[in-house]
Amino acid sequence: MEKLFQAANTSGSISGPPSAREYFNDRLFRSIALTSAFLIIVLVAYILWEIGREAMPAIGEYGLGFVTGTTWNVSKGEFGVLPEIWGTLYSSLLALLIGGVFGIAIAIFLTQDFINHRLATVFRTVIEMLAAIPSVVFGLWGIYVLIPLLKPGAEWLHDSLGWFPLFGTNLSGPGMAPAALVLAIMILPTVAAISVDAFRRIPYKVKEAAYGMGTTRWEAILKVMLPTASSGVLAALVLGFGRALGETMALAMLIGNANQISLSLFSPANTLASLLASNFPEAGRIEVQALMYAALVLLAITFLVNVAGLAVQQYTIRKFEGKK
Amino acid sequence: MKYKTSLASALAAAVAALGLLAGGQPAISATAEATELVVRGAGATFPQPLYQRWMQEYAKVDTGVRFSYEGVGSGSGVKRFLEGSVDFGASDAAMSDSELAKVDPKRGVEMIPMTAGMVVLAYNIPGVPEGLRLSRALYADILAGKVGFWDDARIQESNPDLTLPHLAIVTVVRRDSSGTTYVITNHLARIDPDWETSGPGIGKRVDWPGSAMEVQGNEGVARRVQITDGAIGYMAYEFAKQLDLPIATLQNKAGNFVEPGPLTGQAALASAEEIPENLRVYLPDPAGADAYPIVSYTWLLLDGRYPDPAKAEALKAALGWGLDEGQTIAAEMGYIPLPDRMIGKAKEALGRIR
Amino acid sequence: MSQLDLTSQALDIRPRPRLQYQALEPRALKSGFLTGLTWLAALLAAVPLFSVIYMLLIQGGTRLFGADIAEVLTGLPPAGFEMGGGIGPAIVGTLIMVGIASAISIPLGILAAIYLGVLDSTSKIAKTARFLAKVLTGFPSILAGVFVYAVIVIRFGYSATAGGVALAVLMLPTVVLAAEEAMSQVPQRMKDAAYGMGCTRTQVIWKVVLPTGLPGILTGVMLAIAGASGESAPLLFTALFSNYYISELAEPTASLSILIYNFSGMPFQNQIELAWTASLVLVLIVLVFNILARILGRPKV
Numbered sequence: 001m002e003k004l005f006q007a008a009n010t011s012g013s014i015s016g017p018p019s020a021r022e023y024f025n026d027r028l029f030r031s032i033a034l035t036s037a038f039l040i041i042v043l044v045a046y047i048l049w050e051i052g053r054e055a056m057p058a059i060g061e062y063g064l065g066f067v068t069g070t071t072w073n074v075s076k077g078e079f080g081v082l083p084e085i086w087g088t089l090y091s092s093l094l095a096l097l098i099g100g101v102f103g104i105a106i107a108i109f110l111t112q113d114f115i116n117h118r119l120a121t122v123f124r125t126v127i128e129m130l131a132a133i134p135s136v137v138f139g140l141w142g143i144y145v146l147i148p149l150l151k152p153g154a155e156w157l158h159d160s161l162g163w164f165p166l167f168g169t170n171l172s173g174p175g176m177a178p179a180a181l182v183l184a185i186m187i188l189p190t191v192a193a194i195s196v197d198a199f200r201r202i203p204y205k206v207k208e209a210a211y212g213m214g215t216t217r218w219e220a221i222l223k224v225m226l227p228t229a230s231s232g233v234l235a236a237l238v239l240g241f242g243r244a245l246g247e248t249m250a251l252a253m254l255i256g257n258a259n260q261i262s263l264s265l266f267s268p269a270n271t272l273a274s275l276l277a278s279n280f281p282e283a284g285r286i287e288v289q290a291l292m293y294a295a296l297v298l299l300a301i302t303f304l305v306n307v308a309g310l311a312v313q314q315y316t317i318r319k320f321e322g323k324k
Numbered sequence: 001m002k003y004k005t006s007l008a009s010a011l012a013a014a015v016a017a018l019g020l021l022a023g024g025q026p027a028i029s030a031t032a033e034a035t036e037l038v039v040r041g042a043g044a045t046f047p048q049p050l051y052q053r054w055m056q057e058y059a060k061v062d063t064g065v066r067f068s069y070e071g072v073g074s075g076s077g078v079k080r081f082l083e084g085s086v087d088f089g090a091s092d093a094a095m096s097d098s099e100l101a102k103v104d105p106k107r108g109v110e111m112i113p114m115t116a117g118m119v120v121l122a123y124n125i126p127g128v129p130e131g132l133r134l135s136r137a138l139y140a141d142i143l144a145g146k147v148g149f150w151d152d153a154r155i156q157e158s159n160p161d162l163t164l165p166h167l168a169i170v171t172v173v174r175r176d177s178s179g180t181t182y183v184i185t186n187h188l189a190r191i192d193p194d195w196e197t198s199g200p201g202i203g204k205r206v207d208w209p210g211s212a213m214e215v216q217g218n219e220g221v222a223r224r225v226q227i228t229d230g231a232i233g234y235m236a237y238e239f240a241k242q243l244d245l246p247i248a249t250l251q252n253k254a255g256n257f258v259e260p261g262p263l264t265g266q267a268a269l270a271s272a273e274e275i276p277e278n279l280r281v282y283l284p285d286p287a288g289a290d291a292y293p294i295v296s297y298t299w300l301l302l303d304g305r306y307p308d309p310a311k312a313e314a315l316k317a318a319l320g321w322g323l324d325e326g327q328t329i330a331a332e333m334g335y336i337p338l339p340d341r342m343i344g345k346a347k348e349a350l351g352r353i354r
Numbered sequence: 001m002s003q004l005d006l007t008s009q010a011l012d013i014r015p016r017p018r019l020q021y022q023a024l025e026p027r028a029l030k031s032g033f034l035t036g037l038t039w040l041a042a043l044l045a046a047v048p049l050f051s052v053i054y055m056l057l058i059q060g061g062t063r064l065f066g067a068d069i070a071e072v073l074t075g076l077p078p079a080g081f082e083m084g085g086g087i088g089p090a091i092v093g094t095l096i097m098v099g100i101a102s103a104i105s106i107p108l109g110i111l112a113a114i115y116l117g118v119l120d121s122t123s124k125i126a127k128t129a130r131f132l133a134k135v136l137t138g139f140p141s142i143l144a145g146v147f148v149y150a151v152i153v154i155r156f157g158y159s160a161t162a163g164g165v166a167l168a169v170l171m172l173p174t175v176v177l178a179a180e181e182a183m184s185q186v187p188q189r190m191k192d193a194a195y196g197m198g199c200t201r202t203q204v205i206w207k208v209v210l211p212t213g214l215p216g217i218l219t220g221v222m223l224a225i226a227g228a229s230g231e232s233a234p235l236l237f238t239a240l241f242s243n244y245y246i247s248e249l250a251e252p253t254a255s256l257s258i259l260i261y262n263f264s265g266m267p268f269q270n271q272i273e274l275a276w277t278a279s280l281v282l283v284l285i286v287l288v289f290n291i292l293a294r295i296l297g298r299p300k301v
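Protein chains in written order, with full-length UniProt numbering: chain A, 1 to 324; chain B, 1 to 354; chain C, 1 to 301.
Bound conformation, chain A alone:
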């Protein structure tokens, strides 16, 4: 009996317990991998701490007046980012309204058997290519194509409905509307991708049951599929909003860089990210501190929105996995 198993035990070539050296390598490599994973946590913490630390002098200097002030005056040392906060939130909200609706529509288009599988893949690729285009290229395109395209429509809206605050000024060139539209185009793939995911998670039998009861296609979508996928779609919208808040370059090129607060869709404005992009390169010591404070404000807003979106996404996954 011993002889039978002897050959397998002695050689160490094909199989056998690991040698001491292999144990050591194993331990070493596993600790390296652990350290790397830990480094991610350290990195995020370091980012938060560093930006907070750099903003401290400015927080001490300007306090909460920074968030309510409306001028950015380097020579007098008065800094306020209320117009920028307004611009950030307003442009992102507009982008969410447009990009969100389109994103969900595309997700429905892709997952609810409107087109065959091949076409759906092609269309999916188109949307992914849209996501791949860099922000600066969208900015350039916006100046050359979008603004001239919007001018006639904006003029008509302003002339006929000028009393309405949203159309209160004319579109001179760069402004809130072109910026929000480009932003919508940029977050559309994000919203679409996460919504597609959400729709895919719905168990097939739910759809079958709805059709079995005689609903039309859209009744099934609106009354059954959408409510079931609602938390996933909500996550998509929140994460899309988070992406819009942080977008920099296309906005810096298209929003007009004017530090004012206006409801009009066509007036120029400014956002936190474009303020940072425009003023940082040539800023002196005092201005850098104020900009760090602005960076902290942006960080706080985007961090909160992203964490909220991810939490909703976790909840969705747990909801569906639990059901199964």
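By construction, these hints were calculated from the structure, which means they are not laboratory data. Glycine is no exception: its CB is placed at the ideal position from the N, C-alpha and C atoms. A few of these clues could be false.
To give a feel for the contact side, a few chain C residues facing chain A, derived at Cβ under 7 Å [stated by the list, open to error]:
#1 A46
#2 I114
#3 L116
#4 L132
#5 I142
#6 T202
#7 A233
#8 Y261
On the chain B side, residues computed to face chain A include the following (Cβ under 10 Å) [unchecked claim]:
#9 T197
#10 K204
#11 G210
#12 S211
#13 Q226
#14 T228
#15 G230
#16 G255
Chains B and C: place on chain A using the hints.
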């Protein structure tokens, strides 16, 4: 699987090869650099086109020296000059007293006026390709944000034969620290008594009203005016001329409406009375019937004593050329040639550099 | 059998539903209308992509595929009122900084993903790291630049290295999440077989998990590289810009994205044409990496 890994490794090799190829490039230009002297400068965008042209032309005269110039705005130019990170600075506002106080006494400073130029108001009004006239108090108020629309009664008054659309006035201003801003705000403070106290104030960087679009550099202002309907912005004359932007005719101190041009520019320079020792002369509001109201010299900031004598000699020779042959090129490009009196004083200052 | 006959004609006593599709019925009309809207939305969403590609080819292509392609690809960026010139330093700068970023983020990301996906996917560290990696994907790119400015630029000045580090911060989450996804898909059977033969966990990872998960990992890497090449916000005040070819890593460096940003704000026709050309080159680079991600990422298990 094998073809995928070999594809990936072929890609990595290609990127590495490209990197090496690119690495080879600077080696080539570095050896060329080793035999010639490099003189770096940075500063105002106002005279940048001229300095670039001069560097091109002068390279034919003296092949042993290469000049490089970065247009970062007068403020940054002065800052870099004080830090010593450039060999010469450039500023349309020379240096203020507080900046002069920061100069390292071992280095010293000479401010050499190289040329002069006009600051113009270029505009973009659909339907008005040329011929906008703005009276004195009016253009100050437009830039202060007090006039809302182009068909305002005051503008219509100065321009009875133009049909002005009901379009919002969008002012385009400088975000960066700019000598051009200093020149125009210095002038506007002379016109508008409230400009300095309750208005934006004088300086290389001022607090423009919130509705103004803020951009970088003379070229940024030109670009923004080009693409925005109803925009009006201030920039150097050469930019507006070479880019064919419509320029507003302004009313000067004598009450006449004057278009910017070589003659009106020279008339403005001629009104300067005395020239101080450090050659810092501002002309905030030239008198004279034909004088264009907004003019300024622009200076190159050089050390009084250079540690490297070769650089000092190269700079002196180049600037000397600029003050002689360079002046005709300046006039060609739309800058104002220096009056002889000024050239003499500038050469004296140049001679003091060691 | 029952006496009911559901297929007979409708009687007045008990109305029966007509089960055939009726196009003009209000509910069907509503459904058809919404379907039309959805088709419209889908087509509208595709328009910007084709418009951008069209503009790139027309505006950028005339210069790139024109007479002087060598000059455009290797020449120095022109200044102010100059004619000619090219985008050579920008191409090299982008490649170098993306290279630095890859060298930092790819090993680190894969190692972290090994821990998250294979070694210990349910531990507290793994859960936190995974969550934070997802948060980092939505991180505004300009804040990566601000962070690197505070940490590196203030001490060591503007450099290509600083730009590379900022890009690495942005690439890391993509690499980690894609690699983790790929490695956790490896069938447990394969790993069990390796354990059965006496492999340590490290050996299982190196000999079974990594080779099997390589397509997915490569997909993530290619997508991360594509994304990093297109970034400009983090480079604005870390690598700044330069008009010359890079001669050492510790100096400001040109990049395609910053060149496009700078030149698009200039009024000179020459610069604007070069901005379009640079955009075309950049989008080509990004698309190539995206397509590679697709090809390399086809799963083989």
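So, going through the hints one by one against the coordinates:
This hint holds: C/A46 has a C-beta 5 Å from the nearest C-beta of chain A, less than the 7 Å allowed. Contact between C/I114 and chain A, as hinted, is supported at the beta carbon level, the nearest pair being about 5 Å apart and thus within 7 Å. Because the beta carbon of C/L116 sits about 6 Å from the nearest beta carbon in chain A, less than 7 Å, this interface hint is met. A hinted interface residue such as C/L132 counts as satisfied when its beta carbon comes closer than 7 Å to some beta carbon of chain A; here the least separation is about 5 Å, so the hint holds.
For C/I142, the interface hint holds, the least distance from its beta-carbon to any beta-carbon of chain A being 5 Å, beneath 7 Å. Taking 7 Å as the C-beta contact cut-off toward chain A, the hint placing C/T202 at the interface holds, the least distance being around 4 Å. About 4 Å separates the beta-carbon of C/A233 from the nearest beta-carbon of chain A, less than 7 Å, and the hint is met. The interface hint given for C/Y261 is met, as the beta carbon of that residue sits about 5 Å from the closest beta carbon of chain A, less than 7 Å.
At a threshold of 10 Å, the smallest CB-CB gap from B/T197 to chain A is about 13 Å, leaving the interface hint violated. A hinted interface residue such as B/K204 counts as satisfied when its beta carbon comes closer than 10 Å to some beta carbon of chain A; here the least separation is about 8 Å, so the hint holds. At a threshold of 10 Å, the smallest CB-CB gap from B/G210 to chain A is about 4 Å, leaving the interface hint in force. The closest approach between the C-beta of B/S211 and any C-beta of chain A is roughly 5 Å, which is under the 10 Å cut-off, so the hint is satisfied.
Checking B/Q226 against chain A: minimum C-beta separation of about 9 Å stays under 10 Å; hint holds. For B/T228, the interface hint holds, the least distance from its beta-carbon to any beta-carbon of chain A being 3 Å, beneath 10 Å. With a least beta-carbon distance of about 5 Å to chain A, the hint placing B/G230 at the interface is held under the 10 Å criterion. With a least beta-carbon distance of about 32 Å to chain A, the hint placing B/G255 at the interface is violated under the 10 Å criterion.
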